[in-house]
Amino acid sequence: MKALVWSLRRELWESRSIYLAPVAVACAAFVGFLIYVVHSPAKLAASGTIAQPYEAVAGLLMLTTTIVAAVYSLDALYGERRDRSILFWKSLPVSDRTAVLAKASIPIVILPLLGFVVTVIVQLIMAGISSAILAARGLSVAAFWEQLSFGHRSLLLFYHLIAVHGLSWAPVFGWMMLVSAWARRAPLVWALLPPIAIAIVERIAFNTSRFGHMLGRRLSGSESVATSVPGGMMMDPMTTHVTAGRFLGAPGFWIGLVLTALFLAAAVRLRRYQVPN
Amino acid sequence: MPCIESRGLRKTFGATAALDGIDLRIEEGRIVGLIGPNGAGKTTALNAILGLIPYEGQLAVLGRDPWAQRDDLMRDVAFIADVAVLPRWIRVSQVLDYVGAVHPRFDRSKAEGFLAKTTIRRNSKVRELSKGMVTQLHLAIVMAVDARLLVLDEPTLGLDLLYRKQFYDTLINDYFDGNRTVLVTTHQVEELEHVLTDVLFIDRGRIVFESTMEDVESRYLEVLVHPERVDAARALNPLYARQTIGRSILLFEGADREQLAALGDVRTPSIADLFVAVVGGAR
Numbered sequence: 001m002k003a004l005v006w007s008l009r010r011e012l013w014e015s016r017s018i019y020l021a022p023v024a025v026a027c028a029a030f031v032g033f034l035i036y037v038v039h040s041p042a043k044l045a046a047s048g049t050i051a052q053p054y055e056a057v058a059g060l061l062m063l064t065t066t067i068v069a070a071v072y073s074l075d076a077l078y079g080e081r082r083d084r085s086i087l088f089w090k091s092l093p094v095s096d097r098t099a100v101l102a103k104a105s106i107p108i109v110i111l112p113l114l115g116f117v118v119t120v121i122v123q124l125i126m127a128g129i130s131s132a133i134l135a136a137r138g139l140s141v142a143a144f145w146e147q148l149s150f151g152h153r154s155l156l157l158f159y160h161l162i163a164v165h166g167l168s169w170a171p172v173f174g175w176m177m178l179v180s181a182w183a184r185r186a187p188l189v190w191a192l193l194p195p196i197a198i199a200i201v202e203r204i205a206f207n208t209s210r211f212g213h214m215l216g217r218r219l220s221g222s223e224s225v226a227t228s229v230p231g232g233m234m235m236d237p238m239t240t241h242v243t244a245g246r247f248l249g250a251p252g253f254w255i256g257l258v259l260t261a262l263f264l265a266a267a268v269r270l271r272r273y274q275v276p277n
Numbered sequence: 001m002p003c004i005e006s007r008g009l010r011k012t013f014g015a016t017a018a019l020d021g022i023d024l025r026i027e028e029g030r031i032v033g034l035i036g037p038n039g040a041g042k043t044t045a046l047n048a049i050l051g052l053i054p055y056e057g058q059l060a061v062l063g064r065d066p067w068a069q070r071d072d073l074m075r076d077v078a079f080i081a082d083v084a085v086l087p088r089w090i091r092v093s094q095v096l097d098y099v100g101a102v103h104p105r106f107d108r109s110k111a112e113g114f115l116a117k118t119t120i121r122r123n124s125k126v127r128e129l130s131k132g133m134v135t136q137l138h139l140a141i142v143m144a145v146d147a148r149l150l151v152l153d154e155p156t157l158g159l160d161l162l163y164r165k166q167f168y169d170t171l172i173n174d175y176f177d178g179n180r181t182v183l184v185t186t187h188q189v190e191e192l193e194h195v196l197t198d199v200l201f202i203d204r205g206r207i208v209f210e211s212t213m214e215d216v217e218s219r220y221l222e223v224l225v226h227p228e229r230v231d232a233a234r235a236l237n238p239l240y241a242r243q244t245i246g247r248s249i250l251l252f253e254g255a256d257r258e259q260l261a262a263l264g265d266v267r268t269p270s271i272a273d274l275f276v277a278v279v280g281g282a283r
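Chains as they are written, first to last, in this note's numbering: chain A, 1 to 277; chain B, 1 to 283.
It should be emphasised that the hints constitute simulated quantities derived from the structure, not laboratory data. C-beta: ideal position from N, C-alpha, C; glycine also. Some hints here could point you the wrong way.
Stretch by stretch, here's where chain B covers chain A in the computed footprint (C-beta under 8 Å, at least three residues) [to be verified]:
{"no.": "1", "segment": "1-8"}
{"no.": "2", "segment": "79-86"}
{"no.": "3", "segment": "91-102"}
I would like the entire structure built from these sequences, with the hints used as guidance.
This is the structure:
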């Protein structure tokens, strides 16, 4: 357990973009918000636009943590072989399983949680500034908070990050880590080629595109059936319903978890057998 | 219990046998040099001993199966595969923190003590250190681990003369205590041979020669033969003969020292010369 915790710290020392990128994007988004406030203060309390900046910040940070997670996963077990530092790590009494688990938990656990914390902190500061401005103009702060429904919004964000970014996408990150443990070069290409090849073969052989659709559904998060969202991507806390039962009951969810375990087990095995020269 | 014991140790890569049936017994408390030409199987043998690759045959390191019990074995074994493997992004303080946290036998104060003798700063990153400093850092870490077996594979490769000498001096003076076992491979035998207690020659995946250094000194003699005595010397059936500038140098096994002294200048052969005689002569 101690080895796992320290191996996690080690990953954060090595890949500082894990936390620097979300913080930097959050700062940029905050600056954007300040400009927005100065530019169109009337929109702050208007019922149609009240949630817009908050959704934008959440979306930007999700995009950031997803990109960081993908870049990290593709390099996680590839970089240590490329610079041969794996020979140093293997000279320590830390098992391959612990090392791979620590690395896998970065995209699957740490980044979604980090994304949540950063998002909520920025949104709180934004809401605080909005409240101050509204109060100064003599408008109702209470009505603003009620419309924003901050607590509900945060809970929903948390659920979305865990269900979709963490659990639904886990097999995708598991696959990337497997490729990073296996590829001699260009892990990105090797990560993309097999899915593309499967889709092409399926198209030629059966003239269907089920694999591509399946992948698309998983990546867009809709296959997770984690929520029922009337009218698209944006999660309005008033109308979005959490359907955790349906999410956990879907076979796709469990198949995804099994695939993740298989990919990671294969990555552990590869790390065990491969010795760089 | 021997430190390392193997019987019929084999490792094949496709059709080629990198290790072709190695029988080996290394007792604890020895400093063993594993010498061999490129591609002889040195690194493969060390990788098997360190549990980095699967193998066929029997192999026990400190009483354990290195492949099956690797994580456990790494508590008692330290190794430097190459000094260039310390991750370049890590800070000196971070690597000490990490090793200290995951290694139950790591004595941080000891490592700090070694580092205090160098100019390495705690907040430097490895990439900012010179090659010699990286070596010093890696050595400081390894020597602060209370290991029973230390394995070094070409530890001084790419280092300049000064650091190579310093490496072995530090190793012997500050680390070796008579109980630990050190197994080392190197191309530069001459800077190592005065610290070894045992020597193993490996060629084409087999151990072709093994001896203690004492036996080497008592069994093998090298003679710079006077030109007029060459025929007489050759009649004594030397193991190996070579020419230097105008002189013949003959290497004898188990010959009488008095008898040889009549033929020319007698001395103990270097490991490098013995290696050429044993491995080169067999080819």
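The hints, checked one at a time:
1. 1-8: Answer holds; 4 residues pass the 8 Å Cβ test.
2. 79-86: Check passed, 5 qualifying residues.
3. 91-102: With 5 residues in contact (Cβ-Cβ under 8 Å with chain B), the coverage given for the segment 91-102 of chain A holds.
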